[in-house]
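Engineer: Chains A and B, in that order, give the protein sequences.
Heads up: the first sequence begins at 55 in this note's numbering, then just goes up one per residue.
Heads up: the second sequence begins at 914 in this note's numbering, then just goes up one per residue.
Hints are computed from structural coordinates only; laboratory data are not their basis.
A virtual CB, placed ideally from N, CA and C, is assigned to each residue, including glycine.
Errors might be hidden in some of the hints.
Just some of the chain B residues that point at chain A, by a computed CB distance under 10 Å [as the list claims (entries may be wrong)]:
hint : residue
1    : Ser932
2    : Ile1151
3    : Ile1183
4    : Gly1357
5    : Tyr1359
6    : Pro1377
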Amino acid sequence: MSAPSAPALSAPRAPLTKKALTADHPTWCPGCGDFAVLASFYKVLEKLNYPQEKIVTFAGIGCSSRFPYFVNSHGGHYIHGRSLPFAAGITLGRDDLHVFVFGGDGDGFSIGGNHLVHTARKNPRMTYVIMDNSVYGLTKKQTSPTSPLGFKSKTDPWGAYDQPINPMRTLINSGATFVARSHASQVNHMVDMMHRAAQHDGFSVVEILSECVEFFEGAFDAANPRKGGAFPVIDLKKHDGTPEDAARHDPSDELAAFQLALEPWPGKFGVYYENKVRPTKNALEQKLIANTREKTKHASDLDLLQKTFARMR
Amino acid sequence: MVSLNSSETPGDKPSQPASRILNDVVIRLAGNSQDGIQAVGGFLARLAGRSAQEVMTYMTIPSTISGGPSIFQVRMGTGDILSAGDRADVLVAFYQHSYESHRAALRPGGVLLYDSDHVQPNPEDKEITAVGVPMTSATVEAVGGSGKEKGKNIYVLGLIARMFDLNVPKLTQLIKERFGGKNEDIVRNALLAFDAGHAYPAENLHHCLYRLDQPAPDPSARPQVTTDGNTAITYGLITAGVRHGAGYPITPWSSIMETLRTELPKYGGIFVQCEDEIAAISTALGFSYGGNLAITGSSGPGLSLKAEALGWAVMAEIPLVVVNVQRGGPSTGLPTNIEQSDLMQAIYGSHGDAPRVVLAPQTVEDCFYTAIEAARLAREFSTPVIILTDQALATRIEAFDEPDLPKLMIEAKPDLSPRPATFKPYPLDGQTRHAPPGAVMGSGKYPTVTGLEHDEMGHPTANPALHTQMTAKRREKIKAVAATFTVPEVFGDPSGDVLLIGWGCTYGPIHESVARLQASGLKVGHLHIRHINPLVPGLETIFARYKHIRVIEINDEGLYGYGQLTTLLRARFCNPAIASITKTDGLTFRVSEIVELVAKNLGLTAIKTGARKQSVLAGPDHA
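Generate coordinates for the entire structure from the input sequences, incorporating the hints supplied.
Structural biologist: Following this line, the structure appears as structure tokens:
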């Protein structure tokens, strides 16, 4: 009953288009990096071409968390920081759905930090896109958990001095099975990362540096070639036996991924870590159900219940 | 002078071998939490259930990890057994501290059964019959070998079976069922211990031999089942088709989540243990959003943590069942004691105007049916429903008619049918019907459920008129739930001097106190409120028939002199006859306590509490 089959469709489906996927006009400020993330996400969905009714977009609270209103799919706008456990309930109860969660750095790394760690460790099948602008934008410029040292905000007018979170390090350390990083100025790269994340069987996370032009302008210029920066992409191992392949990154190597995460900011972009071995919580729960039902010889619900009450006599 | 549990059998001589016949006895077992006295109590309770006798139990457990004083009280007999009994007829004392702490709970004429290896009772105490049995050494001797005293509890069960001529084949069967499946040695040792206790010489028991009156068998009666309130809630939810849930451990809620975690996979379901209370309600809401009504639960402090998400569920109109097993508060408070101090939190706890349904079961049996009702209301009205139970109901064992499961069983599946083009996620002129993902939208527009105030299509809006309309919609929805409730029946006098109102675990003692108060010439009624929010209809006319209304609650009288339900009822009915009788000692109400407090509250001086002073075990010497 956990994964009911979709109702039969009489007509063949038209491919998913950006037009079909577009909902409300975004409420973001002009120039916000999140527009590009949204446009890239449409492209990813076009490529994946899932049945539209099976796509779920969910979010917590923050500028980027408005995302679900702008995607024409089943979705929801939950409370601050708690969208991951909510989405875990969606995907575990309904294995037939494609669940995408969106949020910002405050939502994910601050108020939702504990959930991030535990969702990573449990590995439910879903994709989490973090639009990191390193500032609280919706509440108008307070220090965020990824604000760099020295960032002047309304809560640290003299410059932030709390050590910021390193998202890649935190995610790898917590056991997320797909960890990637991108930049909102790099549409093709974003599409590639989100596409790979969506196809990963497990908890996949993409951190996208997405500039807040209102409250932290130029935050990510160092990684934007159009602003004089550099966009160093992780060269993934091809396993082709060539000498140059030895220097490439093996995303299944957790230690190498962690070392990559330790590189000084702005660091590299691409797939840091991918674990294709660890089973998802979805699979483990279904296995538990299958094993348990094997033991009860697939007794009907009523039989099981009646036997339980008979034991209480 | 009427005494509800009066069971003296005058004329019966306590001569051997004829046992005196009793129709009601209260046994208190006092030891430490690791002694397995709960198991003994459980066996006695289940035996009573299997013998179609009424049974009620009461237990206290320490909040320490292991060890600490613990008691289990079981009252069994024929006729209505509604409370665990105020004082005991038999006290089984494992240790000196058990004897010292609980001697006062023994009625004059009662029997003290003590472990002579550990206890030295006061030799001057002639009010009771003291029977020393070397429980520890006799158990070691019976089980042999290892010298472990494990099984002492089962030895005591054998002693009690001997004293009360209990049905040995049935008890042996219960022991085998309980320990079967484990190591063969465990069953064997348990039976050895039981037999040794049961074979204890009658003369050494000072001929304290009794027999419980057996009710005439009723062939048409349903079989009795015996269980506790938390288990009843758990299986009520499963009967109601709830297959998904999430939780975080907290006493006294944990046993519900433990059972659901192991049971739901058998039914194809999933229960998730989460990293915290907030994640638990969030995951449960995720299940519900997916179209499978889910359950989460906690005790008071955990409900506080869940409060923000609960507000979201009200705003987004997502169905959910939340169990709150109340304990003493605030904060960590009294984790293993009873208190009814979460009523306001259950009704109002969140932020903003967030109406939801709150139900309060009154007996263990009612825990089962309340769970079914909660699931039905959550689905029908697309709303969170809180089941407000408490530590006393959670741990108490009662026997009740086995539910008609084929009739009650619900098979629930997500409704993934395509929604028509006219579908609105939040219609102003009708009931919100959540469309779970997987449902094709005829309009081509897919809904976003949201905690922001929204229009009918779910779009965020701060439009003043819409917020007014949507707030009213959510309020009227919960008001409409009341139409599904039936007007409760008053027990006792339908009009008169005083109406006693209670909620939750106090049902039994209030019920029993009615007859005792009536015996003093008062016209007394009892009304138990199961539907807390919205309130059950018809109360106004019932209230009008009594001079005084006293709401009996296990919580504080607050700054203005009224308990939590009393405050609500006074605000709702503006009836000055409504006042409170409250207490905050972390214990359930005793019948005599209610009788005394009501009498005092009404300014009656000459009232007799009607409590049985003498133990039913009292022989002519004590009478």
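Engineer: Provide an ascending list of the numbers of those earlier hints which the structure does not satisfy.
Structural biologist: 1, 6
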